[in-house]
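Could you put together the complete structure from these sequences and hints?
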Amino acid sequence: MNTRIKSLLVPAVLVVVVLLLPRLITSSYWLNLINLAISFSVACLGLNIVLGYAGQLSLAQAAFWGVGAYTSAILTTQLGLPVWTGMFAAFFVAALCGVLLGIPTLKLSGHYLAMATIGFGIILQLILVNEIWLTNGSDGITKIPSPWIGSFELKDPATFFYVAAVSLILLTWGAIRLKNSRVGRAFMAIRENEMAAGATGVDTTYYKIIAFALSAGYAGVGGWLFAHGGSHYISPDTFSFEQSVILLVMTVLGGNGSAIGSIVGGTLLTLLPEVLRFLKDSYMMVYAAGIVLIMIFMPRGIAGLVGNLPASLRFRTWWNADSTAARQVAAASSQENSGGSRKTYRPEDCAGAGEVLLTVKGLAKHFGGLKAVDGVDMQVRRGEIQALIGPNGSGKTTILNMLSGLYIPTAGEISLGGAAIAGKKPHAITSLGMARTFQNIRLFGELTVLENVLIGRHCHSRAGLFASILRLPSQKAEEAGIRAKALEMLEFVGLKGKEFAQANSLPYGQQRLLELARALASDPQLLLLDEPAAGLNAAETDALVGLLFQICTRGVTILLVEHDMNLVMNVSDHITVLNFGRKIAEGSAEEIEKNQEVIDAYLGTEVGNA
Amino acid sequence: MDLSTNLQMLAAGLAMGSIYALVALGFVLIFNAVNVVNFAQGEFAMVPAFVAVWLMSYLHLSFAVTCVITVVFMGIFGIVFERIAYYPLRHRSFLPVIISTIGVGIFLKNGAQIIFGAEPLSMPRPTPVTALNIFGVFVDPQYIVIILCTLALLGFQYFFFEKTMLGKKMLATAQDKQMARLLGIRVATMIAITFVYSSILGAAAGILVGPIFFVTKDMGAMIGVKAFCSSIVGGFGSVPGAILGGVILGVIEVFAAYYISSAYRDAFAFIILILVLLLRPQGIFGEKIAEKA
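Heads up: the sequence lines are chains A and B, in that order.
Here the first sequence is numbered in this note's numbering, starting from 1 and rising by one per residue.
Here the second sequence is numbered in this note's numbering, starting from 1 and rising by one per residue.
Careful: at least some of the hints might be erroneous.
To be verified - These stretches of chain B come out as covered by chain A in the derived footprint (C-beta under 8 Å, 3 or more residues):
#1 184-195
#2 225-231
#3 256-269
As the list claims (entries may be wrong) - Take a look, some chain B residues computed to stay more than 10 Å from chain A by CB distance:
#4 Asp2
#5 Thr5
#6 Cys67
#7 Ser100
#8 Gln113
#9 Pro126
#10 Ala152
#11 Leu153
#12 Gly155
#13 Phe159
#14 Arg181
#15 Ile274
What the hints assert, rightly or not - If you want a taste of the chain A side facing chain B, the calculated C-beta under 8 Å gives, among others:
#16 Ile123
#17 Val252
#18 Leu276
#19 Phe278
#20 Ser282
#21 Ala288
#22 Ala289
#23 Met295
#24 Ile296
#25 Met298
#26 Arg300
#27 Gly304
I should point out that these hints are in silico values taken from the structure, not numbers from a laboratory.
Every residue, glycine too, gets a C-beta built ideally from N, C-alpha and C.
Below you can see the structure in the form of structure tokens.
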């Protein structure tokens, strides 16, 4: 089946379903219920963006839902604005609340946002009840108008269903497109490994705030649907903490990270209480027990269960078979390795006294009383491979962490190609041309190999939220460019053919290579490698040595921390030796091997005699 | 505004602050032991309050017997809670555990409503109703009891962690589970004991606060989130921080409710939380600790 028919299939099915549903279900009770389910589903879609994509827990989704409902209700009843204007206001006011709440809390991780959102919900309740002039207090707002199209009022549930369904479809479409875009990948990188995301060039705080604001905006639109459909009446107690938890259960049940799952969860749990009326007061208890059971027994929700069925796997393969990405990967892998005839590199090829690329002056990092790094000066010249060696605890990794922005130095200066970078955030340093790998590999484990490397290209691409959702031509071209670069890097490290494997599923040695490919994708001037040979066998280490020389001939300067002395002596143009946070020696491999202080502190006599 | 009213409010603030401090300590101990924020911590104070009301009002037991039974009950409760909400998820990331503690919290809240009804209950007071006159300042004796009991518990806790082997083992577990296990410490048991102790702190908070407010299913949620705010204000993960944060928050809340707005009484804790997060996110005693790369 060709792509064109495939791309028309889904819209065609949706149009038929939307047009037929009000004909099939004529009871306005059930239609109202479906409209309510859609309102919940929209809020769940939003929660899925912040929780499922970006991995941040918000417990105020019902509060944002309420912000949307109240914003539109107040604007339309008190100021007489058109209902459609209310929809945009609902989105933007809720999103603005998200930004304001996100700025103080999202710099920090995890629990802070969750707790602050509970607080936001409580404060909102207080405002809704106490500011009677604005919200009419506990009595709520009545007679909220219906939307109009021309002179036609969309009042009865069947006609309002069309509004709700179209909103749901558009917002779902947006959420799904977002997932496979630069912005969506940045969200998922944060979810998978926040530290690696930062070091790969993703401004984690910014993207967390974007995800949170967008999720609040979705909830706002959900609230708008709730206010202007159904009973045309809202009151504060609807937008409670319990409701936020129900939205959370819907999203998690549907499948954390799956947009369609959110809709399934939202619909199921809206309709389920109708069936479970016999539970009466205890339905909230059943929900609560459900949430614990889902967490323990089906962490990936319904989407996870369905996703593992053979039929579903086949469907997905068929569906993705000739997507743009798949075709590009296929085209790349069918190419012969024309230019890739492996030339043998010798250390001389990449030596050469280049200009100074990295200068470190008086660098220090103290943890309380412990002086992990205590006044280190060093230089790295362009085109060289420089090694940083020393006993465990001598401060090597701490220096790398300061260079890459994970630690803020206690004192000292770092300049990369003339730009002062000490104390800058990791993503800013990455976009200035420094990339790194980690001692204990930090991949985006649940994402594919290709996606990992695509994220490495983040700082060289620009597509924002709206370009990502609308897939503008510029965004498509950019995506193709990113993919081409990513495929080139995968081929370079020797992971061709693994593009769609999950990063977690790779063997250890290949995970190291993938991390290298991800770092190289950002076109760094300086590449920091933290123990790249740790855990590799002899053959893999040999391959790594070859790769290091090749990276060097691509014009990338390397600073590496490593304990494998054969490797260090073999590849390094220049070696800096640390002990107890201070530099004790530097020079060429030969000089270092003969340096008595280094032998005493680190190398020991065997290597000295060798 | 005269001095004696201010002093009365100070006493009330210190008493409320003590309650927050007790629950905040429960948060911090569990967080230090298993790196998880227990979102049902407030329920650890709500459940014993209901249990105590039931024992005193329906079984007509004396206050002392009620205290003993409630503490024992909460000890068992702590183990059951750990087995359900934490243990099955111990190898997963923090998010599923948080969500599961939220689930258990809601379950408890609605369970309490079904068992005890939606009407607020009042707990019989162990202390006289008439205010004590301390140098012209009238103070509810229950406030004095709260403050003294909290001080006694803190003293016990200091002794326990500093002077006993079990306390040391628990501290070791909190520091480094793998190393503790290698030294022959039963890590799972230590974690279970942490949950038990944390819920006993909740029992103390619930029994102490019960006579001042009505006992309702929602009392725990409010105490819980404010206690969490306290622990952040003090510096998350810090034991003295949790205590000081609780006291500061309790006092500010009482004064702000009087001088600024009583309708927004419950909002002040969060406003302070946001201010602290903006100005000094590591809190009073917290140190900025970066994750190890």
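Quick rundown of the hints versus the structure:
{"no.": "1", "hint": "184-195", "verdict": "violated (count 0)"}
{"no.": "2", "hint": "225-231", "verdict": "holds (count 3)"}
{"no.": "3", "hint": "256-269", "verdict": "holds (count 5)"}
{"no.": "4", "hint": "Asp2", "verdict": "holds, 29 Å"}
{"no.": "5", "hint": "Thr5", "verdict": "holds, 25 Å"}
{"no.": "6", "hint": "Cys67", "verdict": "holds, 28 Å"}
{"no.": "7", "hint": "Ser100", "verdict": "violated, 4 Å"}
{"no.": "8", "hint": "Gln113", "verdict": "violated, 7 Å"}
{"no.": "9", "hint": "Pro126", "verdict": "holds, 31 Å"}
{"no.": "10", "hint": "Ala152", "verdict": "holds, 29 Å"}
{"no.": "11", "hint": "Leu153", "verdict": "holds, 24 Å"}
{"no.": "12", "hint": "Gly155", "verdict": "holds, 28 Å"}
{"no.": "13", "hint": "Phe159", "verdict": "holds, 26 Å"}
{"no.": "14", "hint": "Arg181", "verdict": "holds, 20 Å"}
{"no.": "15", "hint": "Ile274", "verdict": "violated, 5 Å"}
{"no.": "16", "hint": "Ile123", "verdict": "holds, 5 Å"}
{"no.": "17", "hint": "Val252", "verdict": "holds, 7 Å"}
{"no.": "18", "hint": "Leu276", "verdict": "violated, 14 Å"}
{"no.": "19", "hint": "Phe278", "verdict": "violated, 14 Å"}
{"no.": "20", "hint": "Ser282", "verdict": "holds, 6 Å"}
{"no.": "21", "hint": "Ala288", "verdict": "holds, 4 Å"}
{"no.": "22", "hint": "Ala289", "verdict": "holds, 6 Å"}
{"no.": "23", "hint": "Met295", "verdict": "holds, 4 Å"}
{"no.": "24", "hint": "Ile296", "verdict": "holds, 5 Å"}
{"no.": "25", "hint": "Met298", "verdict": "violated, 11 Å"}
{"no.": "26", "hint": "Arg300", "verdict": "violated, 11 Å"}
{"no.": "27", "hint": "Gly304", "verdict": "violated, 13 Å"}
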